[in-house]
Amino acid sequence: MSPAPTAAAPARKDDSQVRQKAMIARHFDRLAAAPETGARTAYTFVPGNLTELLLSFDVLPVLPEINALQSAMRGKTAEYIAIAEKHGHSEDVCTYVKSDIGMMKSGNIGPTGQRLPSPDLLLLSYTGCFTFMKWFELLREEYHCPVAMLHVPYQADGRITDAMRTYVVDQLKQVVIPKLEEVTGRKYDEDRLREHLARSAQAEDDLVWVLQSAKNVPSPIDAYFGAVYYVGPIFSAFRGTTDAVDYYRELREEIAERIRQGKGPVTPEGEVERERFRVVVEGPPNWTSFRQFWKMFADEGAVAVASTYSKVGGVYDLGFRHDPDHPLETLADYCLGCYTNLSLPTRIDLLTRYVSEYRADGFLINSVKSCNSFSAGQLHILREVEARSGRPGGFIESDLVDPRYFSAANIKNRLESYFQMIEQKRPGVAS
Amino acid sequence: MSEDPRLTALVSAAGTLFRDQALDAVRAWKARTGGLAVGFLPIYVPRELLHAQGVLPVGLMGGRPDLEIIKGDAYYQSYICHLPRSTIELGLNGSYAALDGLIFPAICDVIRNLSGMWQMLFPHVLVHYFDVPQNFDPGIGGAFYRRDLEALATALAERGARPLTAEALRESIALYNENRRLVRELYALRRREPWKVPTHELYVVLRAALLMPVEESTPMFAGYLALTSADESRRPQDQARVLVAGSFCEQPPLALIKTLERSGCYIVDDDFVQVHRFIRSDIPVDGDPLQRLVDALLTDAVASPTRYIAGGVKGADLEQRLAESSAEGVLFCAPSFCDPALLDQPMAVRAAERAGAPWTAFKYAENSGQFQVIREQAGTFADSIKLWSNA
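In order, the protein sequence lines correspond to chains A and B. Counted the way the numbering used here counts, the first sequence spans residues 9 to 439. Counted the way the numbering used here counts, the second sequence spans residues 5 to 395.
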């Protein structure tokens, strides 16, 4: 049995985090008021989302994955998962799905304690995860609302082909946009979409700058745990908004100041004062014990300098930016380019590159039971990156939102052993 | 009355191929013909296209219970299904050395990622991820799928296969139409007289066909159909008629199928070795044959959990299959950790309940070795059906 986490002190928050919290609160206020205001809502997913397109129709996005992870951070998912399993869902499948279904069956109360509106549209726009398709088939039975399906092909050979792009653009033109027009009663306005896309690109520039600031020694950010907050707005309901542009500008200024002061990252417990280990992390975090998990790193002076989770909604550091001059093509390229849509060899190349470019001491995989899209093949990734980078790899296992699969003592032991291994392999340390 | 020895011999020969994990038959075929052999994972690839280019399509279904998994387990965490482990094991132990390529259909995220692993582990073979569309509009998903088929044909030709021609493809479609027709007849016979076609036997015949050229599997199906139809030694027993759902990818051990039958169940419909039935009807042989293949997938494929069901009622196919097979109940029999099957199951259960069919559920792995619990569960289920039916 895992030891109970000790009572935590209030988490320290930067100004940008305070701004983000207010943005999120306003968004959920709008969602809660939707039945009265008549605002349309679309449930959709993080990787490959079409936020700019939704905003151009004044549709409010709801992201069930985000709700599930927020439920986990509020300690609600054990109950929600139990409800879903009681309704016949297998213990073997994705716990995001079960958490979402359990939440819905419990009144659909969102992370801010307000009721979420039922969807006017299930926008099955998804990248790199087969489970999403099943998820919305399940929700369709509950909500009896229209569904728009955008199938995004997999980059199996490590590249986007013209055939893939054409397929996605065709679906946008002939399926997704007409469905949005039908649900909202509005005509597609490409100029409006371009405005949102331009704002996306602006925010994306600043996000990339922030994430790449981890190349500094010491790193001013934690690019895994801390990055969860950084990527929140751009991967969810805010990409393409002035809110997002302002948030990322402020965040960039904050980080620039930290670099000037030679400071390490901020954690909920305070600053990391001495950076001992620089690691690249692959795989999503655990959300049920997020703060405890982060503390295990921070206590050791371990800082994540790059992560793949922070690319799950777009690998912007490879150069992609939303392009207002080619609105539908750029949406297609965005969908096709999200991290879990990359082939395994491409993922290995990327991780190896991160280890080198961010001067990491090693790389760590958090393999989550819920997400085969990330996890199937990670042991192969471990071996390959270790061989290519010459840096030690570590491997831990947990889950996204099922607390039954987070064994704190076990993970702590493994992490401590892993950091010791890094220490022993440092140049100049006698074996 | 004893069984026709020709039937015994046919099933025995099929059993030899079923056990041929090292693909000796494929090696022999290659030595005989000089052609390419390309493997494919469940659940569907257009074998007609490969055949038209002179390529032997080889269906790979993972490992059997007696395959010791050592290397394969080192590649996967405990919560990943078993099929990719045995596939890796068989790849690394040289069993698949006869294959010039491997096609990975879009089944799930595990198989998708396995395609990338294969690229790295076996860089000398063709690896093709078969990304079937989930949009079924001919001008959208159909156009994408057609381009994928053309890419596959080109890749095969670059490896030494014959270039694809319309004439050859038409001939191949005709051959596979006949092949599928016979499988449909076998399934129909089993629905009518399940004692004539024990599923553990039919299954072995279907699996054997995965390693044979269509020119040989069609006569085998025809022979089996004729012999088993005529065999009067097979008499009906008091068994419950069940539909087995969920076993479309990782296959159950043969002993599990036998266990279900011994527990008092006639399996009158199933998802096993689905490639033989994935396209439900004949594919027309007139017009543009490549487009005919595309249209068949878009409009005439089974409602597999791996396909998005865009219209209609989810689970309607299960209700239809229950009606057509006169099944009295459903056994949801899925591999552990199989996302498509297990995520579909709540919706399939509701469909079974709409149809008034009782159901029970259990899981397996391809290397499961203990079936006592399943036997008791299935036996109790069969008993309850029989008792309830007689009430």
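There's no promise every hint is true.
Distance condition first, Cα-Cα at most 20 Å in a straight line; then the derived EDC-like pairs of lysine to aspartate or glutamate [unchecked claim]:
no., chain 1, residue 1, chain 2, residue 2
1, A, Lys187, B, Asp141
2, A, Lys271, A, Asp22
3, A, Lys420, A, Glu308
4, A, Lys181, A, Glu150
5, B, Lys262, B, Asp77
6, B, Lys367, A, Glu93
7, B, Lys75, A, Glu394
8, A, Lys29, A, Glu262
9, A, Lys181, A, Glu394
10, A, Lys94, B, Glu357
11, B, Lys367, A, Asp100
12, A, Lys21, A, Glu281
13, A, Lys187, A, Asp170
14, A, Lys181, B, Asp141
15, B, Lys390, B, Glu357
16, B, Lys318, A, Glu262
17, B, Lys34, B, Glu162
18, A, Lys113, A, Glu87
19, A, Lys29, A, Asp341
20, A, Lys223, A, Glu150
21, A, Lys29, A, Glu261
22, A, Lys21, A, Glu203
23, A, Lys187, A, Asp66
24, B, Lys318, A, Glu149
25, B, Lys34, B, Asp104
26, B, Lys318, B, Asp304
27, B, Lys367, A, Glu99
The hints are simulated quantities; they were obtained by calculation from the structure and are not laboratory data. Model, not experiment: these values are computed from the prediction.
Comparing the hints with the structure gives:
1. Simply put, lysine 187/A and aspartate 141/B have alpha-carbon atoms about 15 Å apart, close enough for the 20 Å limit, and the pair holds.
2. Simply put, lysine 271/A and aspartate 22/A have alpha-carbon atoms about 14 Å apart, close enough for the 20 Å limit, and the pair holds.
3. Taking the CA atoms of lysine 420/A and glutamate 308/A, the gap is near 10 Å; set against the 20 Å cutoff, the hint holds.
4. At roughly 27 Å between alpha-carbon atoms, lysine 181/A and glutamate 150/A are farther apart than 20 Å, so this suggested pair is violated.
5. Using a Cα cut-off of 20 Å, the hinted pair lysine 262/B and aspartate 77/B is violated, with the two alpha carbons roughly 27 Å apart.
6. Under the criterion of a C-alpha separation no larger than 20 Å, the hint pairing lysine 367/B with glutamate 93/A is consistent with the structure, at around 15 Å.
7. For a cut-off of 20 Å, the pair hint linking lysine 75/B to glutamate 394/A stands: about 18 Å separates their Cα positions.
8. Between lysine 29/A and glutamate 262/A the CA atoms are separated by roughly 16 Å; this keeps the pair inside 20 Å, and the hint holds.
9. The suggested pairing of lysine 181/A with glutamate 394/A is violated, with an alpha-carbon distance near 44 Å, which exceeds 20 Å.
10. Note on lysine 94/A and glutamate 357/B: the hinted pairing holds, with a Cα-Cα distance of about 17 Å set against a maximum of 20 Å.
11. At roughly 10 Å between alpha-carbon atoms, lysine 367/B and aspartate 100/A fall within 20 Å of each other, so this suggested pair holds.
12. Taking the CA atoms of lysine 21/A and glutamate 281/A, the gap is about 17 Å. The hint holds against a cut of 20 Å.
13. This hinted pair does not check out: lysine 187/A and aspartate 170/A have alpha carbons roughly 25 Å apart, beyond 20 Å.
14. In summary, the hint linking lysine 181/A to aspartate 141/B is supported, as the alpha carbons are separated by about 13 Å, within the 20 Å threshold.
15. At most 20 Å may separate the alpha-carbon atoms for a hinted pair to count; lysine 390/B and glutamate 357/B meet this at roughly 18 Å.
16. As the CA atoms of lysine 318/B and glutamate 262/A are separated by approximately 51 Å, the hinted pair breaks the 20 Å bound.
17. Our distance criterion of 20 Å between C-alpha atoms is met by lysine 34/B and glutamate 162/B, whose separation comes to about 18 Å.
18. This hinted pair checks out: lysine 113/A and glutamate 87/A have alpha carbons roughly 11 Å apart, not beyond 20 Å.
19. Our distance criterion of 20 Å between C-alpha atoms is broken by lysine 29/A and aspartate 341/A, whose separation comes to about 30 Å.
20. About 47 Å separates the Cα atoms of lysine 223/A and glutamate 150/A, which puts this hinted pair outside 20 Å; it is violated.
21. Between lysine 29/A and glutamate 261/A, the direct Cα distance comes to roughly 18 Å. Compliance with the 20 Å bound is thereby established for this hinted pair.
22. Taking the CA atoms of lysine 21/A and glutamate 203/A, the gap is about 31 Å. The hint is violated against a cut of 20 Å.
23. Straight-line distance between C-alpha atoms of lysine 187/A and aspartate 66/A comes to about 14 Å, which keeps the hinted pair within the 20 Å bound.
24. Annotation: proposed proximity of lysine 318/B to glutamate 149/A holds, straight-line Cα distance about 8 Å (limit 20 Å).
25. The hinted pair formed by lysine 34/B and aspartate 104/B meets the criterion: a straight-line CA distance of about 10 Å does not exceed 20 Å.
26. Distance hint between lysine 318/B and aspartate 304/B is fulfilled; the C-alpha atoms sit about 16 Å from each other, no more than 20 Å.
27. For the hint linking lysine 367/B to glutamate 99/A, the alpha-carbon distance of about 11 Å falls within 20 Å, and the restraint holds.
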